Amino acid sequence: MDKATGFAACYGCAKCTSGCPTAHRMDLKPHQIMRLLQLGRTDEILAASAPWRCVGCQTCRARCPNAIDIPAAMVQIRGAALGAGPVAGAGGIPFFDKLFLDMIRRGGRVNDGLVAFRYRLKRGGLLEDWRIGLKMLRAGKLKMRTPRVADVRDVARLFEPDDAPKEAAP
Amino acid sequence: MTDRELRFFPGCAMDGAGAEYGRSTVAVLEALGVPVRVLDDWNCCGATAARHEDPALAVRLSGRNLALAAREGCDLLVNCAACYNNLAYSREYLAAHPAAWPAAAGDGARPESTGVRHLLTVLTADAVLERISERVVQPLAGLRLACYYGCLLVRPGGYTDVDDPENPHRMDDLLRVCGAEPVDWSYKTDCCGGSASLTDNPAAVELMARLFDSCLQQDVGALVTACPLCHVNLDAWQGKVSALLGREVRLPIYYFTELVAYALGLPGVDRWLSAHITDARAPLRKCR
Chain A
151 MDKATGFAAC
161 YGCAKCTSGC
171 PTAHRMDLKP
181 HQIMRLLQLG
191 RTDEILAASA
201 PWRCVGCQTC
211 RARCPNAIDI
221 PAAMVQIRGA
231 ALGAGPVAGA
241 GGIPFFDKLF
251 LDMIRRGGRV
261 NDGLVAFRYR
271 LKRGGLLEDW
281 RIGLKMLRAG
291 KLKMRTPRVA
301 DVRDVARLFE
311 PDDAPKEAAP
Chain B
24 MTDRELRFFP
34 GCAMDGAGAE
44 YGRSTVAVLE
54 ALGVPVRVLD
64 DWNCCGATAA
74 RHEDPALAVR
84 LSGRNLALAA
94 REGCDLLVNC
104 AACYNNLAYS
114 REYLAAHPAA
124 WPAAAGDGAR
134 PESTGVRHLL
144 TVLTADAVLE
154 RISERVVQPL
164 AGLRLACYYG
174 CLLVRPGGYT
184 DVDDPENPHR
194 MDDLLRVCGA
204 EPVDWSYKTD
214 CCGGSASLTD
224 NPAAVELMAR
234 LFDSCLQQDV
244 GALVTACPLC
254 HVNLDAWQGK
264 VSALLGREVR
274 LPIYYFTELV
284 AYALGLPGVD
294 RWLSAHITDA
304 RAPLRKCR
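Chains as they are written, first to last, in the working numbering: chain A, 151 to 320; chain B, 24 to 311.
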């Protein structure tokens with residue numbers, strides 16, 4: 151795992167876990183993950199569902215006395231876990247992210263309602279949400295056309311890492 | 024305020040779920056004499072998806088927008104909390120890693136000289152706040168508000184320099200000038216679960232329930248946001264929150280710009296509010 155997040159500096163105060171709004175849903179708590187990272191026990195971390203329960207609220211990072219970028223570590227763990235195969239705890243998150251990024255790659259901008267619709271179509275829940283969808287449609291919040299940038303090629307290039315400077319890897 | 028001209032970065036939600044945030048933002052800025060030009064050919068910042076899937080891609084997406092503003096010698100003005108966070112983070116990252124700065128920005132333009140400013144900082148600059156207070160024609164009298172800052176506007180701090188990450192106050196200041204009564208509220212920076220509302224809805228509903236429960240306890244008349252994702256989340260799921268709490272929750276959710284526009288007597292407020300899922304018009308009629 152990339153040491154740039156600073157996990158080596160963790161002394162286990164658990165302030166991250168105390169402030170985490172979703173820690174009670176996690177199988178491994180944020181401070182436990184930091185410890186396992188230090189110990190190199192990667193298999194246990196990659197098998198955990200905890201990184202997928204992180205909502206990216208940045209509370210842990212704002213409060214960590216050692217300025218560890220815990221949310222960035224969670225993101226790295228997600229990536230490494232997906233790289234090793236399908237992850238049970240991931241739920242629909244990778245699919246959602248893919249829908250979202252594909253739309254940007256194609257036209258440079260996102261139609262939020264369409265992403266939500268496509269997500270529901272594939273993952274279920276359309277029936278459950280139809281009332282809210284109808285209200286949003288009436289309110290004019292769902293648009294049929296997806297806006298595009300003028301220079302679509304320029305944005306698509308950003309998705310081709312070979313064209314992009316290697317240094318841009320935070 | 025800096026002297027540099029501003030280019031408005033509206034973000035994708037302003038064409039969709041957050042349309043009324045975009046319209047009320049432009050209306051308020053125009054009424055205050057702040058010139059608004061939209062950044063030409065802006066692209067999506069990648070929101071949370073790019074940051075989760077590929078942080079380097081997130082920096083490149085925001086880098087293109089920063090370069091577009093830099094080429095014009097302008098600062099970016101952002102109202103969406105997520106776009107603001109992505110752009111501000113990328114600006115800091117690119118300043119520290121100059122090799123990743125797009126050549127398209129042109130000679131001499133640097134990421135550190137291209138400001139990323141949130142609307143809330145612009146509207147709470149002393150001179151602007153004074154201008155607003157002079158122009159209030161419909162004070163939000165008697166409206167008890169929970170000013171909700173959420174996550175990405177104020178955290179982690181450092182590159183997000185809108186306000187104090189633990190106890191922000193700018194939205195409270197602004198709405199107090201408009202005649203409202205912002206309450207002391209412990210939950211102003213607690214996450215509403217917006218990023219999980221589609222992928223893990225029960226988790227989001229649970230987080231929202233905490234916010235709404237405290238609003239009920241404090242007899243708050245409305246909740247105010249600065250983020251389109253928080254807005255749609257808090258506005259749309261009150262039925263599920265009511266079921267979880269075992270009591271009826273019907274709290275209007277405003278964008279702070281809608282309330283400022285109302286106080287300034289600008290046209291269009293009623294139309295924007297009609298796009299809300301939870302009725303937001305009745306509480307303002309009481310102010311009259």
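Do not rely on the hints blindly, as some may be mistaken.
[To be verified] Covered stretches of chain A (chain B as the covering partner; in silico rule of three or more C-beta atoms under 8 Å from a C-beta of chain B): (1) 151–158; (2) 163–175; (3) 200–211; (4) 219–228; (5) 296–302.
Source of the hints: derived by calculation from the structure; they are not laboratory data.
From a predicted model like this one, the values you see are computed outputs, not experimental measurements.
Glycine residues also receive a C-beta, built at the ideal position from the N, C-alpha and C atoms.
Right, here's what the structure says about each hint:
Note: the segment 151–158 of chain A has 0 residues with beta-carbon separation from chain B under 8 Å; the three-residue rule is not met and the coverage is violated. With 3 residues carrying a beta carbon less than 8 Å from a beta carbon of chain B, the segment 163–175 of chain A meets the three-residue requirement, and the given coverage holds. Against chain B, the segment 200–211 of chain A contributes 7 residues with a C-beta closer than 8 Å to a partner C-beta. That satisfies the three-residue criterion, and the hint holds. Counting residues of the segment 219–228 of chain A whose beta carbon lies closer than 8 Å to any beta carbon of chain B gives 3, which meets the minimum of three for the stated coverage.
Counting residues of the segment 296–302 of chain A whose C-beta lies closer than 8 Å to any C-beta of chain B gives 4; at least three are required, and the coverage claim holds.
When each numbered hint is compared with the structure, a violation occurs for hint 1 only.
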